[in-house]
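A.B. asks: So the protein lines, in turn, are chains W and L. Quick note: the first sequence uses this note's numbering, first residue 5, plus one each step. Quick note: the second sequence uses this note's numbering, first residue 41, plus one each step.
Simulated from the structure, these hints should not be mistaken for laboratory data. All of these numbers come straight from a predicted model, not from anything done at the bench. Positions of the beta carbon are idealized from the N, C-alpha and C atoms, including for glycine. One thing to keep in mind: the hints can contain errors.
Which stretches of chain L does chain W cover? Using the computed rule of at least three CB atoms under 8 Å from a CB of chain W, they are [claimed, not checked]: (1) 87 to 97; (2) 122 to 134; (3) 137 to 143; (4) 167 to 174; (5) 248 to 256.
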Amino acid sequence: MTATLPEQTPARGPSTMGVLHHAGARWALYAAFTVLLLSITQELATPSTDQLTSSGTASLAIRWAVPIMLAGLGGLWAERAGVINIGLEGMMVLGTWCGAYGAVIGDPWLGVLFGILGGAFGGLLHAVATVIFRVDHIVSGVAINLLAPGLTRFLADSIFSGYEGGSISQSPSVDDVGEFSIPLLSDLLEWFEERNWFFVSDATGLLGGLVSDVSWLTVVAYLCLPMTMFVLWRTTFGLRLRSCGEDPWAAETVGVNVLFHKFVAVIVSGALAGLSGAFIVIELTGIYKENQTNGRGFIGLATMIFGNWRPVGTALGALLFGFADALQLRDRTAVHALLLLAAIALGLLALRALRERKWVSSVLFVGFAALFATWYAVTDSVPSQLPQVTPHIMTLVVLVFAVRRLRMPAADGAIYSKGEGRH
Amino acid sequence: MRKRLLVLLAILISFSFVAASCGDDDDDASDTTTTAGGDMPETDVSVGLVFDTTGRGDQSFNDSAAAGVDRAVAELGVEFTEATPNADGSNRAELLQLAAEQHDIVLAVGFAFGDTLGPAATDNPDTHFVGVDTFVPDFENVLNLAFAEEQGSFLMGVVAALKSETNHVGFIGGVDMELIQKFEAGYVAGARAVSEDITIDIEYIAPEGDFTGFNAPDRAKEIAASMYDGGADVVYHAAGGSGLGMFQAAQDAGAWGIGVDSDQWALLPDLQDVILTSMLKPVDSGIFDAIATEVDGSFEGGFRTLDLTNGGIGYSTSGGHIDDIVDQIEEYAAQIAAGDIVVPTTPS
């Protein structure tokens, strides 16, 4: 929770604990409020659904958010050091193939390691091109996105085709790493969920999804979040790395080895993308299939942007998409209930705008709330295409509404040449 | 500086194209071309096989097509090469043209070739084409192989309803389009024929036009898990390569799954405990017969529908999970073949 602090040099001394405590309480309040909103929507929804707050939806959302979050964190590492990494998708593709290869020749954990190395290799390519040869970041990223699917297809044909069940476009099935439930707690939460009490059962349902049948790999993936927060915001190395993204020329004058920090950042970025790819293969699918990343690298970049280049914001964005994905897969009618949720949320935003005397915004919010409410009232279901595009629409909406509050690293995408000063 | 940048970019991009094209052509010369040998009959017919996306190894539709050609290679001694389109299928047309220029008979596997077969047939009037699941009328050199999937799916509906203990079954379609709706219509009719008040969950992985639905085991797994959570205990898929995910979910839930196109029990040894049966769409024998007509010179264009009357559709009994109800299934099959039951081809 430390990353919710305003961005500043780490505060030292006794005050830190107080701020932490405060921030933790605030987040708990936000979470409770979100659950309450979901509960109310679920109570009101017709046709009725119990999937908005079920443990099944929660555990699915948690898992499906992982690839997007890891890609987002990957983007965060690179861009905080001033390198735009649009090649995340390609690095994820390398991660999927390498992850499957490791899992096929060894065990799933070897697959995870191979996936990370495969992604890191993609990161290395990007680092060599952008940091050493000063190629335009977008050009190099696009080249990696083109290269990766071709390379993996070639590799799959030359290696996986030789295995039973493998082919030019897929690997043999691979095992997952195993899962665990927290004993007692998960049973207790399940008991509460089955009672169908308003709010209580909803909250315990969502919590239950977090502690039952959790894969070890999911735990590893979520550990990347606090690790990123710690390394980038609580260490000297992280401060120097971020200074390279804000002003590499100033960093250079105080003796920071800019090239080194950018290089490491981009490789870590690739490694995270590779882990994301390996997660898709080993945890979500159980098999390598061509094209299975399905644009999640780009969605990860989008979550990073609307998370305002911060780890917690990125992770929350990823969870939002994971939740939309999960609902769509588990229950299409629940997606219809989201229209009501949107109407209620917009109504609340309108109230807040009224209180702050922002008349134009409040009228806009009321208008959109009415639009969603009408849509909800006159239909029983949403078109089958809508759930598929929901994440993309949400990205657009959030970017449109939040764009004025976003602040990217000042020297993001800048071409830096050692010792040559500003261009 | 700029020059070095351009050189690097050129290298990267050209490498990616080289890698991509290596994959597309599938090393055809080296490991898949097989020639006649031993006591096989002499023939110089060469066969080009263009798969649907995913290609050989999908443990379903494409593998069935591959089996037909492999049999033709072994029994008729034809030569063949194969090619697999890229993941989004955007290079189908090019692969088909390439195959048409090099071979006597070209097999296009999958409905998606419907758009590209016509132009290829016009450009190569001396080449014969066989489209599986395609609808390309008015060409003398194009044979369209169609299958009465609704009839096979009806029998799967019968199996599901008979085997369900909760009177609740499910259906997962890969893509929400006419061809797959045929499966749904037949399955629902079959289940209702056995039990009128049965609950049937129906979900499609992807909307029309988004063919990733045939290649998304992760999504199929979660959709199936949701159905099993909701009380369904038998789920049937018509989703090609995505079906694997449904079987994984069945295994987690301790419930049944029904396979499609090929005998998936034999193809997925790890999941044999949960694969009740599979609807067999014998693409292999359809393709083998077509190649045989090419070899003996009797190839004819037009349409050929394989259904229960001519043995063109069926089900597998591997694993013995449905041995106890085979008589009842056969009864329904006989009624369909006799025309007493007319199976709908569109969902009601």
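A.B. asks: Give a verdict on every hint.
C.D. replies: For each hint, the structure was consulted:
1. 87 to 97: With 5 residues close enough to chain W, the hint holds.
2. 122 to 134: As far as the stretch 122 to 134 of chain L goes, the hint holds, because 4 residues have Cβ atoms under 8 Å from chain W.
3. 137 to 143: violated (count 0)
4. 167 to 174: n = 0 at 8 Å, threshold three: violated.
5. 248 to 256: holds (count 4)
Hints 3 and 4 from the earlier list are contradicted by this structure; the remaining hints agree with it.
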